[in-house]
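Chain L: place on chain X using the hints.
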Amino acid sequence: MNPDDIDNEIVNIIKKDPEMPYSRIAELLLISEDEVKEKLETLSDTRQKILIVDDELDTLIPLKRALEAEDYLVVEASSGMEAIEITRSVHPDLILLDLMMPVMDGFEVCKVLKDDVLTGHIPIIMLTAKGEIDDKIEGIETGADDYVTKPFDLGELKARIKMILRRTNV
Amino acid sequence: MIPKFTLGNNKWNLLLVIIICTLIISLITLYGIRLNEDIHEIAQEQFTHQQLLLSKQISTGIEEFLNQNTINIEILANHISDTPPGEVIPDFINVYYHSRGIYVIEFINESGVITMGYPLEDIPTGYDLYEHDQAYTFEKARDNQKTYVTKPFLLMEGGLGVTIWSPVYKGDEFKGVTLAIIRLSDISNRFLQNYDSTEEVYVVDEFGTILCGSSDRYQAGENFIDTVNGTNPLLFQILNKQMNGSEGTGYYFESNTFEKKLAAYSPIKWRNRLWSIAVVSPQSDVDDLIYSVYVKQVGLIGLSGGFIVLFSLSIILLLTRWNKSLELEVASKTSEITKSNELLKRANTKLMELDKLKSDFVSMVSHELKTPLTPMKISAEFLLQSDPDVSVRREMLELIVRNIDRQTRMVNDMLDISRIESGNMRFRKEMLDIGEIINSAFETMKKQSEEKKINITTDISPGLTKINADKDKLIQVFVNLLSNALKFTPDGGNVEIKAFESGKYIEVDVKDDGIGIPPDKIDKIFDKFYQIDNTYARPYSGSGLGLAITKSIMEGHGGTIRVESTPGEGSVFISIFLK
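Line by line, the protein sequences give chains X and L. For what it's worth, the numbering used here labels the leading residue of the first sequence as 1, then goes sequentially. For what it's worth, the numbering used here labels the leading residue of the second sequence as 1001, then goes sequentially.
FYI, nobody ran anything at the bench for these hints, they're computed from the structure. Treat the hints with care, as some may be off.
Each computed SDA-like pair below joins lysine to any residue, with the alpha-carbon atoms no more than 25 angstroms apart [claimed, not checked]:
hint: 1; chain 1: X; residue 1: Lys158; chain 2: L; residue 2: Ser1386
hint: 2; chain 1: X; residue 1: Lys114; chain 2: X; residue 2: Ser89
hint: 3; chain 1: L; residue 1: Lys1370; chain 2: X; residue 2: Ser79
hint: 4; chain 1: L; residue 1: Lys1370; chain 2: X; residue 2: Ala159
hint: 5; chain 1: L; residue 1: Lys1447; chain 2: X; residue 2: Ser89
hint: 6; chain 1: L; residue 1: Lys1524; chain 2: X; residue 2: Ser79
hint: 7; chain 1: L; residue 1: Lys1521; chain 2: X; residue 2: Ser78
hint: 8; chain 1: X; residue 1: Lys49; chain 2: L; residue 2: Phe1382
hint: 9; chain 1: X; residue 1: Lys49; chain 2: L; residue 2: Val1392
hint: 10; chain 1: X; residue 1: Lys158; chain 2: L; residue 2: Leu1383
hint: 11; chain 1: L; residue 1: Lys1377; chain 2: X; residue 2: Thr149
hint: 12; chain 1: X; residue 1: Lys158; chain 2: L; residue 2: Pro1388
hint: 13; chain 1: L; residue 1: Lys1370; chain 2: X; residue 2: Ile61
hint: 14; chain 1: X; residue 1: Lys64; chain 2: L; residue 2: Lys1521
hint: 15; chain 1: L; residue 1: Lys1452; chain 2: L; residue 2: Glu1569
hint: 16; chain 1: X; residue 1: Lys158; chain 2: X; residue 2: Ser79
Distance windows between CB atoms, simulated [stated by the list, open to error]:
hint: 17; chain 1: L; residue 1: Thr1458; chain 2: X; residue 2: Ser32; range: 36 to 44 angstroms
hint: 18; chain 1: L; residue 1: Ile1404; chain 2: X; residue 2: Lys37; range: 35 to 43 angstroms
hint: 19; chain 1: L; residue 1: Phe1500; chain 2: X; residue 2: Gly155; range: 56 to 64 angstroms
Where is the CB? At the ideal position from N, CA and C, for every residue including glycine.
For reference, chain X alone in the conformation it holds in the complex (with noise of 0.2 angstroms):
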């Protein structure tokens, strides 16, 4: 089942039955009661989501701390493939995107997301550790909103997506 469809059955099971507890959904959507409270913090949390996009766990994880720190509720991927998948299902409000990565590059996967019309208004900040102005003027081409290189500033990071949060919601 689709992960978008299941997050309608258990928004329509709970306007039914407002009480029906976790145990009972998780049997009538053949899922575990785990993923049911999961989905439900999900559904029920308003915070902005990132999702951030790095082969590189070691660099995905604190990053992920740190912007959680700061009240955003993170989304990760360690592969261009699952970033797409994930962007479809989550609709993340905004793509912290890796360029070096193996199979397929942060190139492609902005190229991907930014022609389709369900996720082509999604904001993408490029993250790489080449700084090369090549990789610049490709970013932009491909549609990416911001770009950043590695090693960056945490707090520069910060404030960048600050801004570019603030530009779409108006």
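Chain L only, in chain X's frame:
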């Protein structure tokens, strides 16, 4: 482009040489023809001159013979005037034998009667001239007191002869006449019979009567001038000149054969007589002479022509060879240049490849060095700016330490690689037991394998031969291989190490049941910074230098390492050491 007309062009060479050749040969031929005309003229002149000389020689001979005999008779006549008639005969005999040309000597007394002579058998003793009315010449000699020579006449014995009448005087007293007869046939035999060639000789007297000749054509006594008059004007002219006593040459044509003939004539002056001798030779003699010259000339022209052709051919050959050798030289030079160009091109391509490798290496190194910096920086900044729980703080610090370790490993690996590449890697070799080395590596990796729940088994043949190697480096080899195997094997998998002897070698196989290596990547896995993309490797991603270092260490020990793999089933890294 090379112009068509060059010394090296065969076609032009040939044409040029043929033109020169033809020119020279025609020049020689022209000169030969000109020369021929001259030669013809000179030969003609020379021949004429020679014939004239011949006629002169003959005429001189005859003249001398006749005059000598006449003088002899005159001396005899003078001598016998004082001698008593009975003693005269010995003188006659003397003169007869000395002269060798006188047919008969007679003495005619003052009254015209033949009284004696020699040889006796030919003397008509008692023959009276007056009785036979033959005293005209006798009287002429007596009256003129001078020797007189008669025209030829028919001898009583047959044949023609001429007579010499020399008067004998004792003071003023006429005693008689000494008479000598010379047969014309004797003259002919003596002077004219030696010419058996095509030449003919005849003698005519002042009346144009033939006296004698070298062939039967010339009948003695025949009046030649009458014969040719009207029928052969040229010969008639010649005869007239002869009769005038001139010497010279002239041409005429035979009346019946029209053969052109050269007549060279000279006078014979004998007292009151004027004879003339002519040497007749056919023009064909001159022609033969000229022809022989021609033949020689043609031979010469042929020879020189042949020589020129030969010379030209050799020049052509020489030029052609020269040309060929030039062409060969040019070809070899061209191929040399092409070859060196090719070498340069290849070297250039290689250099460009090396340059690209170098810049790739630099960008990879910088990337690999920067990568751990990002998590360290984020974690550190996060810790600085926020105040998270103990667990998060711990997580961040661990992350920082892990990345510091990672970068340290990276720097060490890079130092190793640079030592290997500059040939500065030193091996402290000692005799080692391969089993111990494998166990050390195994111990090092034990914790990691337990984390991933991977079962490592070792199968080391007992009593393996010790090898001479660097202990630390060898442990590094197996640590690298094991860490590689762990990286690519999913949790709960198996890794097996097998060591055994095989002939002159010791083989160590590190086998995993991981994801394997795709066939198109198998050649690249020992390259620097080569990393196969996979998800299992992430938590342990290395520098990408491990296998490159491993391979270099193996080679530094005189060993080899290779990999066999089936994607989806696993890989075996086979290290082979020389015993």
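Checked hints:
For the proposed pair Lys158 (chain X) and Ser1386 (chain L), the alpha carbon gap of about 13 angstroms is at most 25 angstroms, so the pair holds. With a CA separation close to 16 angstroms, the supplied pair Lys114 (chain X) and Ser89 (chain X) stays within the 25 angstroms bound. With a CA separation close to 20 angstroms, the supplied pair Lys1370 (chain L) and Ser79 (chain X) stays within the 25 angstroms bound. For the suggested pair Lys1370 (chain L) and Ala159 (chain X), the alpha carbons sit about 23 angstroms apart, so the restraint of at most 25 angstroms is met.
Simply put, Lys1447 (chain L) and Ser89 (chain X) have alpha-carbon atoms about 39 angstroms apart, too far for the 25 angstroms limit, and the pair is violated. The straight-line distance between the Cα atoms of Lys1524 (chain L) and Ser79 (chain X) is roughly 23 angstroms, inside the 25 angstroms bound, and the hint therefore holds. This hinted pair checks out: Lys1521 (chain L) and Ser78 (chain X) have alpha carbons roughly 23 angstroms apart, not beyond 25 angstroms. As the CA atoms of Lys49 (chain X) and Phe1382 (chain L) are separated by approximately 19 angstroms, the hinted pair is consistent with the 25 angstroms bound.
Pair hint Lys49 (chain X) plus Val1392 (chain L) holds up; C-alpha atoms about 21 angstroms apart against a cutoff of 25 angstroms. For the proposed pair Lys158 (chain X) and Leu1383 (chain L), the alpha carbon gap of about 15 angstroms is at most 25 angstroms, so the pair holds. Only pairs whose Cα atoms come within 25 angstroms are accepted, and Lys1377 (chain L) paired with Thr149 (chain X) is accepted, the gap being roughly 13 angstroms. A threshold of 25 angstroms between alpha carbons decides the hint, and for Lys158 (chain X) with Pro1388 (chain L) the separation of about 17 angstroms falls inside it, so the pair holds.
Between Lys1370 (chain L) and Ile61 (chain X), the direct Cα distance comes to roughly 17 angstroms. Compliance with the 25 angstroms bound is thereby established for this hinted pair. Among the hinted pairs, Lys64 (chain X) with Lys1521 (chain L) is inconsistent with the structure: their alpha-carbon atoms are about 35 angstroms apart, more than 25 angstroms. Of the supplied pair hints, the one linking Lys1452 (chain L) and Glu1569 (chain L) holds, its CA atoms being roughly 18 angstroms apart against a limit of 25 angstroms. A threshold of 25 angstroms between alpha carbons decides the hint, and for Lys158 (chain X) with Ser79 (chain X) the separation of about 23 angstroms falls inside it, so the pair holds.
Between Thr1458 (chain L) and Ser32 (chain X) the CB atoms are about 41 angstroms apart, so this pair conforms to the stated range of 36 to 44 angstroms. Checked against the hint of 35 to 43 angstroms, the C-beta distance between Ile1404 (chain L) and Lys37 (chain X) comes to roughly 38 angstroms, which is consistent with it. At roughly 60 angstroms, the beta carbons of Phe1500 (chain L) and Gly155 (chain X) sit within the given window of 56 to 64 angstroms.
Violated hints, in rising order: 5 and 14; the structure is consistent with all others.
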